[in-house]
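Chemist: Starting from the given sequences, assemble the full structure and let the hints guide the process.
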Amino acid sequence: MDVSALQTFTSPVVLFFILGLFAAFVRSDLAIPEAIAKGMSLYLMAAIGLKGGVAVAESGLSPLVAVALLAGIVASFLLPLIAYVVLKGFGKLDRLNAGAVAAHYGSVSVVTYVTAVEILELSALPAAGFMVAVLAAMETPAILSGLMLAKGGNDGEKGNRGEMLREVFLNASVVLLLGAFGIGMIAGPSGFAEVSPFFQAGFKGVLCLFLLDMGLIAARRIMASRSITWRLTVIAILLPVFNGALGVLVGTAIGLDVGSTAAFGVLCASASYIAVPAAMRLALPEADPGVYLTMSLSITFPFNILINIGLLTAFAQAIAGPAGALP
Amino acid sequence: MDVSALQTFTSPVVLFFILGLFAAFVRSDLAIPEAIAKGMSLYLMAAIGLKGGVAVAESGLSPLVAVALLAGIVASFLLPLIAYVVLKGFGKLDRLNAGAVAAHYGSVSVVTYVTAVEILELSALPAAGFMVAVLAAMETPAILSGLMLAKGGNDGEKGNRGEMLREVFLNASVVLLLGAFGIGMIAGPSGFAEVSPFFQAGFKGVLCLFLLDMGLIAARRIMASRSITWRLTVIAILLPVFNGALGVLVGTAIGLDVGSTAAFGVLCASASYIAVPAAMRLALPEADPGVYLTMSLSITFPFNILINIGLLTAFAQAIAGPAGALP
Amino acid sequence: MDVSALQTFTSPVVLFFILGLFAAFVRSDLAIPEAIAKGMSLYLMAAIGLKGGVAVAESGLSPLVAVALLAGIVASFLLPLIAYVVLKGFGKLDRLNAGAVAAHYGSVSVVTYVTAVEILELSALPAAGFMVAVLAAMETPAILSGLMLAKGGNDGEKGNRGEMLREVFLNASVVLLLGAFGIGMIAGPSGFAEVSPFFQAGFKGVLCLFLLDMGLIAARRIMASRSITWRLTVIAILLPVFNGALGVLVGTAIGLDVGSTAAFGVLCASASYIAVPAAMRLALPEADPGVYLTMSLSITFPFNILINIGLLTAFAQAIAGPAGALP
Amino acid sequence: MIETVIRKRIEILADTPLVKVVTKAIDEAGITGWTVLPVQSGSGRDGAWREERVTGSDKSLILTVASQERAEKLSEALAPILSSHGLLLTMWDVEVIRGERF
Amino acid sequence: MIETVIRKRIEILADTPLVKVVTKAIDEAGITGWTVLPVQSGSGRDGAWREERVTGSDKSLILTVASQERAEKLSEALAPILSSHGLLLTMWDVEVIRGERF
Amino acid sequence: MIETVIRKRIEILADTPLVKVVTKAIDEAGITGWTVLPVQSGSGRDGAWREERVTGSDKSLILTVASQERAEKLSEALAPILSSHGLLLTMWDVEVIRGERF
Ligand SMILES: Nc1ncnc2c1ncn2[C@@H]1O[C@H](COP(=O)(O)O)[C@@H](O)[C@H]1O
Ligand SMILES: Nc1ncnc2c1ncn2[C@@H]1O[C@H](COP(=O)(O)O)[C@@H](O)[C@H]1O
Ligand SMILES: Nc1ncnc2c1ncn2[C@@H]1O[C@H](COP(=O)(O)O)[C@@H](O)[C@H]1O
Ligand code: NA
Ligand code: NA
Ligand code: NA
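Same order as they appear, the protein sequences are chains A, B, C, D, E and F.
Per this note's numbering, residue 8 is the first one in the first sequence, and the count goes up by one each step.
Per this note's numbering, residue 8 is the first one in the second sequence, and the count goes up by one each step.
Per this note's numbering, residue 8 is the first one in the third sequence, and the count goes up by one each step.
Per this note's numbering, residue 6 is the first one in the fourth sequence, and the count goes up by one each step.
Per this note's numbering, residue 6 is the first one in the fifth sequence, and the count goes up by one each step.
Per this note's numbering, residue 6 is the first one in the sixth sequence, and the count goes up by one each step.
Derived from the structure by calculation, the hints contain no laboratory data.
Heads up, some of the hints might be wrong.
Once the Cα atoms are required to be at most 25 Å apart in a straight line, the calculated DSS-like pairs of lysine-lysine come out as [said to hold, decoys possible]: (1) Lys158(C) x Lys95(C); (2) Lys95(A) x Lys158(A); (3) Lys158(A) x Lys25(D); (4) Lys78(F) x Lys25(F); (5) Lys158(B) x Lys99(B); (6) Lys29(F) x Lys158(C); (7) Lys25(E) x Lys78(E); (8) Lys99(C) x Lys158(C); (9) Lys158(A) x Lys99(A); (10) Lys29(E) x Lys158(B); (11) Lys25(F) x Lys158(C); (12) Lys29(D) x Lys78(D); (13) Lys158(B) x Lys95(B); (14) Lys78(D) x Lys25(D); (15) Lys29(F) x Lys78(F); (16) Lys29(E) x Lys78(E); (17) Lys29(D) x Lys158(A); (18) Lys158(B) x Lys25(E).
Among the chain B residues that face chain E by a calculated CB cut under 10 Å, a handful are [said to hold, decoys possible]: (19) Glu41; (20) Ala44; (21) Lys45; (22) Ser48; (23) Glu128; (24) Ser130; (25) Phe217; (26) Tyr280; (27) Met287; (28) Leu289; (29) Pro296; (30) Gly297; (31) Leu300; (32) Leu304; (33) Gly328.
Ideal placement from N, C-alpha and C gives every residue a C-beta, glycine not left out.
Modeler: This is the structure in structure tokens:
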């Protein structure tokens, strides 16, 4: 664990994130144009989708893939329940806000996943290519369970329901991730070779600048925040540890290799700050973005990047035993 | 033909275009920031200009180059005449709109050309470097003949005339394409080596994302369109086949190699959706962009990318005979 | 000198700058979206910072670094004094505008530096990695002396003073340059290897497009300018020659190698057009941006890129003697 | 002198994900069209914000021109959700040419 | 109390390639200046659109402040092309400080 | 019919580096909020300009809605620097719903 934790802090990817946090805290006016940031996030999703698809084209599909997908979907559906109970009880949020926040913790953060994959590769523990499909599959079920929790029985205007479901399942990141995954599977290694200088070689550098921006945004948000209590801060740190550990246990149980197990743990631990906030703003406009975005983006996200990825990797290695360390 | 047609559909470049079409048709909110899209189009033009110039610096200028340039300029001038007759007769457009649409079909689409070049290279039929200059030369003559057709004798306010010509000949894409072409010729292979990781290695990847965006834009436009009749749809499909075949015949006649002949066919087949619409909006504000942009961008462009490039390549190979297949 | 001067004009980097100037002068509508331009400038600063830091991680810190930093800071503080006297006397500017312009000439232009480094590398005269730190150190002292000159004794509202200092020292480019420099030092060559395809291989290509944009902006500004006299034009050309020569002398005196000496000369010769104008707009809103931005951006910047870098390199080589030519 | 008529101009500031809620209300009020402008940053009782397109927490300004009658219909439709959805609505009289369009 | 005077504020929505037609008319009406704002999307009788800078089919909003007299000159100059060029023009009274500028 | 009240809408065009000077004045006038819109290009007595975010010579439009009294306080605070800082200020009456917010 020591090694991978140290590696975390000498990787340019993580260092740029820290630089972003720092620049925001000292109130520097450093800022990345939002069109560029959006472009980088699309690039990262296309690239990770492609690479996952190519990996699956090489390795072929096994029953394990189906099991992992199912585990991911179930986790995304059920993790909000745990979150909801904690947020209402210990966190003292009302039903509406507890449901909205819970949806975030069931869903996933693409950038947290990508950063984890980079760090796992540095530790010679690569995650399987199909984990990208698991990532995409985990984005949306949590939105549904979060909404059910928030609204209880009365799910509002029936008319909007179908519309909402369509939007949730066809949201930009799901379409791009799965689309690029499919393209990677069709094009295969030879087709990917054509575009790999762009999607592969540039990847880590783009991730550096994107994390610089995320650091700036995360830190600026928490500095301007007025709705975060110490109780919510505690939840935003301990919940990802708990969810992540659960994910590592499940990943090991279903037979994933160590790298994929750690990656699954990170998916469970991560909280969405792109797809879910947009869905919540629309479906639960009365819920407070000052609560859900600040928790997921400004507390959980940095905690995952800086500490939890290392913790979960170590945990996955530990329970895999010596045999699992170098699969 | 079978082979190149198949290659078309396993190339990531084309697959991303299809993903864009698909995402728009299912009404996903996937969108690429317009600043990024604009930046990518500038990058593609700079890169293709540079590469063409370097190729000419290596191969030297031959009389064939002058002949090809002349053929391109003449084609761009005259193709609108055919289009105009068909659009007014079969298409039932009025003089104004027929002239405006005709200008689009005489001019060229840079991205269609670029995609064709990529597909031709996969088929081991590279187009000559100087074809980039032909591309640039073909952009604007059609604008002039389209305007003459639309306005008949009365060419409006004399004062604006010179202004308009200046704008047509110094429009952004002509300046950038020819400027980069000149830079490539001056810098030569050694100068290009410095910048080739950016302009060469990244090229196909950028093209993927750009075509993703073009797919989104093309499909969204046709879904919102209210002015397209079945007659116009037929023209938007058959005219590029006809123009393209004509181009292949001319290219073969003037002695271009197979790859360049196919590329010349694609230039004749393609319809502008960047330079010409902007010129028409200004010079013929009464013409309906809902007609000309939808035809060129939403019907002809996808048809060319998905089918016509393959058709024209096969035709160029066929009439070149077995000897021409591998020049 | 002949060789490096010629190399200047066959380098794609410089040729794209000339293309930008040309396109603006013929009033082409070529334009790069400002979000893209801003993104490229951030990329260039991150990349140059990283590379400098990695170079220092490899070579280690020597007393020479401290001497060079000190020389840079002193130069940035004192160069505005010379500029101020000339601008008030020969240039006939009032105190306020003379102070504002002087601040620009004491500070530095990152892109001029970057271009110089590229040209020096073509001449096999690389500048030392720590020069990036010198660059960052020279950005802000000139702002302070420029303000003191402009305001004389009365430095306005005390309350704003601390605020202003904070902003000057934590402005975006200083934070990004030094932050990336630090990351380069921590990550070292092995950490940098991960991200070098993005930050190293792409560098010159991005610089091409960025200089294309700077050419457009510089030429458009001077064409619209109404405040530039022939006296100011003379100053904007001769001052960088004088400052640059001074810098070369100082660089040689403190024992820098030829490449670093030339780079130091370029730093002294260059005038800021990013950090300083923004600071002046805020601290001296009554000063005329039509004077200071046009001088630094539209006259001094092109002069430095096209001519002065070559002159200063030749001068640095000449006074170093034959021994210094190939260190 | 060109003849002008008086119409209402309504501008609504909304979170970008909520723009479609507003434009749907505009369409349902029978108004002929609307236009959306980007917004960069702001500050209100909930503190300051900057455009953050990545997290979707940016805002947009929707402007529409309508007859007095349809404008009232629209403001009545939006009034109940102004607070819950954090919308900011201002409305004033403007002169337009070709008034029959609105 | 600061003294203010009344001027006309005119805003014109136009396709981006047509912006220079509008600003030329503003200059010719003797108005001192104008400002262009970006527009993101919209909907009208011709259907909905989004900003598409690549194909040049985006729109811009031009705003200008002028005296009553010059504003009339401008609206008379633009009136004949409002329909053919698809311009949307609104105009209203505003208070300005330093009225001599306009 | 929804009840509306009259408030002042103030819009100020300023160089982007000066936005914080204006928003500080808004905050100090006791106004509840403000919103900043991007601006693309313009022309005035000092000639034409385009957005140039790289050199920081772009402009922004700050809009704020306030009660008559606070609006006056703001315009009095800004009046002395309007010329020196090159600000352009327009102000007019608008109807708002939920007037107690402003
Ligand atoms: N009533 C309206 N209010 C605000 N904007 C409008 C209105 N009608 C049309 N527009 C804008 O003007 C553009 C062209 O309208 P139209 O000519 O009706 O298609 C639309 O796409 C909208 O951006
Ligand atoms: N009459 C006007 N109407 C609208 N905007 C104006 C007007 N005059 C000036 N501006 C804007 O204010 C900026 C500065 O004007 P000036 O101080 O006159 O150079 C211009 O570049 C325009 O963007
Ligand atoms: N008085 C105001 N004038 C202009 N914009 C405002 C005003 N109050 C609030 N806003 C805008 O509305 C957003 C939400 O306001 P609030 O709901 O008060 O947090 C702010 O971030 C501002 O962009
Ligand atoms: Na999760
Ligand atoms: Na054509
Ligand atoms: Na200097």
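Chemist: Hint numbers the structure violates, sorted upward?
Modeler: 23, 24 and 33
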